[in-house]
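J.: Fit chain B to the given chain A structure using the hints.
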Amino acid sequence: MDDTILQSRQRVKLETEAVSLYYGSFQALRNVTLDIRECTITSIIGPSGCGKSTLLRIFNRMNDMIPGVRVEGIVKLDGASIYDKNMDVVTLRKRVGMVFQKPNPFPMTVYDNIAFGPRRHGHIRESELAVIVERSLRQVALWDEVKDKLRQSALDLSMGQQQLLCIARALAVEPEVILMDESCSALDPESTLKIEELMRDLAHTYTIIIVTHNMEQAARVSDMAAFMMMEPDKAGVLVEYAPTAQIFSNPKDKRTEDYITGRFG
Amino acid sequence: MEIRSTFHKKLREMQDEVLIMGDMVSKAILLSITALENRDIDLAQQIVTDDQKTNRVRFEIEEKSIQLIATQQPIANDLRIIVAVLNIITELERIGDYAAGIAKITIMIGDEPPLKPLVDIPRMAEQIVSMLHRSLAAFINHDSEAARKIGAEDDIVDDIYDQVFNELLSLMIEDPKTVTRATRLIWVAHDLERCADRITNICERVVYVETGKMEEIEASNY
Numbered sequence: 001m002d003d004t005i006l007q008s009r010q011r012v013k014l015e016t017e018a019v020s021l022y023y024g025s026f027q028a029l030r031n032v033t034l035d036i037r038e039c040t041i042t043s044i045i046g047p048s049g050c051g052k053s054t055l056l057r058i059f060n061r062m063n064d065m066i067p068g069v070r071v072e073g074i075v076k077l078d079g080a081s082i083y084d085k086n087m088d089v090v091t092l093r094k095r096v097g098m099v100f101q102k103p104n105p106f107p108m109t110v111y112d113n114i115a116f117g118p119r120r121h122g123h124i125r126e127s128e129l130a131v132i133v134e135r136s137l138r139q140v141a142l143w144d145e146v147k148d149k150l151r152q153s154a155l156d157l158s159m160g161q162q163q164l165l166c167i168a169r170a171l172a173v174e175p176e177v178i179l180m181d182e183s184c185s186a187l188d189p190e191s192t193l194k195i196e197e198l199m200r201d202l203a204h205t206y207t208i209i210i211v212t213h214n215m216e217q218a219a220r221v222s223d224m225a226a227f228m229m230m231e232p233d234k235a236g237v238l239v240e241y242a243p244t245a246q247i248f249s250n251p252k253d254k255r256t257e258d259y260i261t262g263r264f265g
Numbered sequence: 266m267e268i269r270s271t272f273h274k275k276l277r278e279m280q281d282e283v284l285i286m287g288d289m290v291s292k293a294i295l296l297s298i299t300a301l302e303n304r305d306i307d308l309a310q311q312i313v314t315d316d317q318k319t320n321r322v323r324f325e326i327e328e329k330s331i332q333l334i335a336t337q338q339p340i341a342n343d344l345r346i347i348v349a350v351l352n353i354i355t356e357l358e359r360i361g362d363y364a365a366g367i368a369k370i371t372i373m374i375g376d377e378p379p380l381k382p383l384v385d386i387p388r389m390a391e392q393i394v395s396m397l398h399r400s401l402a403a404f405i406n407h408d409s410e411a412a413r414k415i416g417a418e419d420d421i422v423d424d425i426y427d428q429v430f431n432e433l434l435s436l437m438i439e440d441p442k443t444v445t446r447a448t449r450l451i452w453v454a455h456d457l458e459r460c461a462d463r464i465t466n467i468c469e470r471v472v473y474v475e476t477g478k479m480e481e482i483e484a485s486n487y
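Residue numbers (my numbering), protein chains in the order written: chain A, 1 to 265; chain B, 266 to 487.
One chain only, chain B, in its complex shape:
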């Protein structure tokens, strides 16, 4: 019989709120790339504004975590879950910031002609969003095995980033007039690459909840 059902219910609700926050930042990443592809300044502006809501949600979850620690004396696995939540929401908030950063680059680009059709950058975004959804599912399900595998997929994102970087570098060398536009795209790709690093950190926390140990899943090349 579960004796502390009230506390455990609050703990589950808090984990659900982390999922909701994950959903918010996933959408922000995908929309930021859509805005970039379509030169949609209004959408980009909306993403920047909505990031404030993400920041608020982060602090609300943090406040609830603090109250749970202060009032419920969590220990063992329960304590590790709350510690993981505190770390994960920080990572999610940074991912939200990257989406807003990409949106600001779109605003900066304005109506400049596109350098080339975007292929690899949207591919990076899709890979990241897939990793994010699966890592948060692994968190809810306490699946450290899945978390280790997802964390290792950071290599896939790194490889795409390398391709994007090299391609844009070649363009800049061929035609120096492309330098400004190409640099901005490198920033976008770099922001996405950093998202993947954040997701790896989330996966490390999932492993931590189960094992009580922090282990690096995969050292990033950058």
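So here's chain A without its partners, still in its complex pose:
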């Protein structure tokens, strides 16, 4: 089936409507409207400082941790507003997991890294946890490499393995959405390609949003691409949001074309 037809039949998982974000009096995001369909990979691309990570963090309210932050507009997960006062942020962050740029395994064993989240969410029987740990590590194709090292420190793993561990850790709490903020930037090319293939596998089950400054990666891996840029007052705006194949072969907006072809950066 044609990819674009498939996407139009998938339901909307996350959506923003005229979202703006302020750090105090500084407007970091202006009027962003987009919808993200279930089980797709969306990449957010654009020059440094244009608000890509800020937009990503809208979806799991990580921006809340910054003093003085204010969000306007509507952000919905499965049709329910996530900025509603009744929304439990802990539950939100279980449903919408995050993987960061620098691998950040906890200073614990491989096993305890994965088991940490499930333990916090009520799984306390070791037999259950063992199943979850193995399942999560298998999902990221790391099980065979670490099954004999589960009681060793996660910090002893290679960078690529550590990042896979972080993805497994996010998967262990059975999220619905995975946010990946420049998750391959610190990795070698082979590890990067492995994680890109993993993303395509995971997209059968999860909705994935990635921020990347690597346009080639965005082109390779995502179904939809959102191009952002900074306006003169430094507010980030969404310029164009379309299927990736279209953005990279025939973008509608000249600003998108200029950026992806390197005519401005």
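It is possible that some hints are incorrect.
Example chain B residues on the side facing chain A (calculated, C-beta under 7 Å, incomplete) [as the list claims (entries may be wrong)]:
(1) Ile268
(2) Thr271
(3) Ile331
(4) Gln332
(5) Ala335
(6) Thr336
(7) Gln337
(8) Gln338
Because the hints were derived from the structure by calculation, they are not lab data. Backbone N, C-alpha and C fix where the C-beta goes; we use that ideal spot for every residue, glycine too.
T.: Using the frame of chain A, we list chain B on its own:
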């Protein structure tokens, strides 16, 4: 372990689509000769109409190739395969046009009495279709050795064309009233001869995928 399995799967699917397009134009060539032999105007009309579908398929594959280049940054052998696909579908589309051209000649002939039983022209068509199937198989299998040999079979088609031309020329000289009908048959034979040239071009692209070099397999006499 294949790291870029998603991309390589799309590349294989695209090559399969080239095979399917090859099948479409092979059938069109054979049916165009059947229509000519049987004076089947309806069949000829259908071939002309179906050529639009071939043209659409060509552009669909081209669009997919462009998207693969734009999104997957292919290099080395992968890039040469996509470049070859872009060239091969152009050649196939022209072969489809020749089949439609032959069908239009059938329509033009209408119910005029046949000049002679067709023997060599159907032989040319069979040779061409065989070459086309084998050249596309060589493309899928990255078999440059087979491609060189198939490309050289263009000589066989050229020889049959010479026979057809000389025979029809003699007929026209003997009986000038046959000139119109004979000329139309020469056009048919010429279209088929051009198909063989296109197939040689396909074979050259197969060699290119493996070696990275464009080499002429056999210079046509025409």
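J.: In ascending order, which of the hints set out earlier in this document are inconsistent with the structure?
T.: none
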